[in-house]
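Q: Chains as they are written, first to last, in the working numbering: chain W, 1 to 153; chain Y, 1 to 83.
Hints are computed from structural coordinates only; laboratory data are not their basis.
Heads up, a few of these hints could be off.
As the list claims (entries may be wrong) - The calculated lysine to aspartate or glutamate pairs, modelled on EDC-like cross-linking and capped at a C-alpha distance of 16 Å, are: (1) Y:Lys43 x Y:Glu12; (2) W:Lys127 x W:Asp138; (3) W:Lys61 x Y:Glu73; (4) W:Lys152 x W:Glu109; (5) W:Lys61 x Y:Glu60; (6) W:Lys121 x W:Asp143; (7) Y:Lys52 x W:Asp138; (8) Y:Lys52 x Y:Glu31; (9) W:Lys127 x W:Asp40; (10) W:Lys127 x Y:Glu12; (11) Y:Lys52 x W:Glu141; (12) W:Lys127 x W:Asp92; (13) W:Lys71 x W:Glu109; (14) W:Lys121 x Y:Glu60; (15) W:Lys121 x W:Glu53; (16) W:Lys121 x W:Glu141; (17) W:Lys152 x W:Asp116; (18) Y:Lys43 x Y:Asp15.
Everything numeric in this text was worked out from a predicted model, so none of it was measured.
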Amino acid sequence: MIAIQQQDFDIAKLYHQLTDSQLNPNGYGAIVTFVGRVRDFNQQQQVAAMSLEHYPGMTEKSLAEIVLQAKSRWPISEPIIIHRVGELLPGDQIVYIGVASAHRKAAFEACEFLIDYLKIKAPLWKKEQTESGYQWVDARETDHGAASRWTKQ
Amino acid sequence: MLTIVFFAQTREILDQGSLSLDFSPALSNLETLRQQLAARGDKWDLALQRDKLLVAVNQEMSRWDTPIKDGDEVAFFPPVTGG
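Okay, chain Y solo, but in the shape it has when bound (with noise of 0.2 Å):
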């Protein structure tokens, strides 16, 4: 299982705050991962464009091409406004 969180504009376009997702071998990268979300519909494409996201695993900020296991946290968010 793959627990998948969202923050920010990201979160507000989808309309939920986080996700559990069944892992398989397929979901073979973060890239990979992104793009089965984004294909579930229209908000989904829209929020997670990825010239605008970051992402991190297990709360570390992580490359497109880090792989993922089963249980990791995935979070995807717009660039940071703090400060």
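Next up, chain W with everything else stripped away, as it sits in the complex (with noise of 0.2 Å):
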């Protein structure tokens, strides 16, 4: 399940979600998350709010096609993938990426590949709002290389 959305989530129903043994069997024993949430503070900077902005249908093409190549390379459940977009405060959760698997080091795998791709693949953007007015992240090297990692094997 992929969603992009502007209200908070509930890990407990996600979780719920995820074991539901409709859609998972009950022989996926590991159940790995991730949950994002936003910094008080970036690049020295306290940031006191947060918008997001994203291209509706790509996003969710782009999370499709990185769950797609999660799919082949480990034997998980489908994911649960959830990015909030619009206006965000310090603390409030960004996003959400949750996989099942029978053993846990593959579902350790999926977990952190989807969140790597996620970061460098999918159209999103953030704004921040600090004491010197409003501005646009810069993206980093460093998730590039999170990335690339995936593919050295």
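With the hints as a guide, bring the two chains together.
A: See below:
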């Protein structure tokens, strides 16, 4: 399941969705989830608020593509990916990735792969409100490093 | 007709989210299109500097030498920062 939405998400409900035996066989003994939250500082500046913009349609399409890649690589269930857009405050949840698999290694790796690729492939942009006004967040070289290690195997 | 869309800083600098453009065979690829738009004036030149710009055709990330055809949706935007 892939969702781009303004509203917050409830990780307890999402856990139940991941462990629903109709979607995921009970043989799936490992669940790994990742939650990303808004930090209250970035590059030495206090962040008062953040707004997230995306490219409707392409965001969902690019995430569907990385889900396909993850599923071809690890024996995992259909992952859940939720990304929030719009106005957010420090401490708010931004992104959720949930993966179920028979064993922990595949679940950990697939979850990490999904967030690493989301960060460089999905057309989403953050803008922060700081003391010096609104500014767009710069892309980080380290995010490309994190994603490229998955191609070096 | 081409649909051109802009996001994030690119959209803000141009003060415009989208535009329609008549297709012509002279627009052979994405780089030609970028150059033609950048020549519209100072803010266009600033917004469409290639070194900090990504491009997608029909919602697929694409290389600058990708050919374009009538009816395509082309998007210009800065490197992504989600997650």
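Q: For every hint, state whether the structure bears it out.
A: Hints versus structure:
1. Y:Lys43 x Y:Glu12: With a Cα-Cα distance of about 10 Å, the restraint between Lys43 of chain Y and Glu12 of chain Y holds, given a limit of 16 Å.
2. W:Lys127 x W:Asp138: Distance of about 9 Å is within 16 Å: holds.
3. W:Lys61 x Y:Glu73: holds, 15 Å
4. W:Lys152 x W:Glu109: The given pair, whose Cα atoms are some 14 Å apart, holds under the 16 Å limit.
5. W:Lys61 x Y:Glu60: holds, 8 Å
6. W:Lys121 x W:Asp143: holds, 10 Å
7. Y:Lys52 x W:Asp138: holds, 10 Å
8. Y:Lys52 x Y:Glu31: Roughly 14 Å between the alpha carbons, so the hint for Lys52 of chain Y and Glu31 of chain Y holds.
9. W:Lys127 x W:Asp40: holds, 13 Å
10. W:Lys127 x Y:Glu12: This hinted pair holds, its Cα atoms lying about 12 Å apart.
11. Y:Lys52 x W:Glu141: holds, 13 Å
12. W:Lys127 x W:Asp92: holds, 15 Å
13. W:Lys71 x W:Glu109: holds, 11 Å
14. W:Lys121 x Y:Glu60: holds, 10 Å
15. W:Lys121 x W:Glu53: Holds: Lys121 of chain W and Glu53 of chain W sit about 14 Å apart, inside 16 Å.
16. W:Lys121 x W:Glu141: Answer holds: Lys121 of chain W to Glu141 of chain W is near 13 Å, not above 16 Å.
17. W:Lys152 x W:Asp116: holds, 14 Å
18. Y:Lys43 x Y:Asp15: holds, 9 Å
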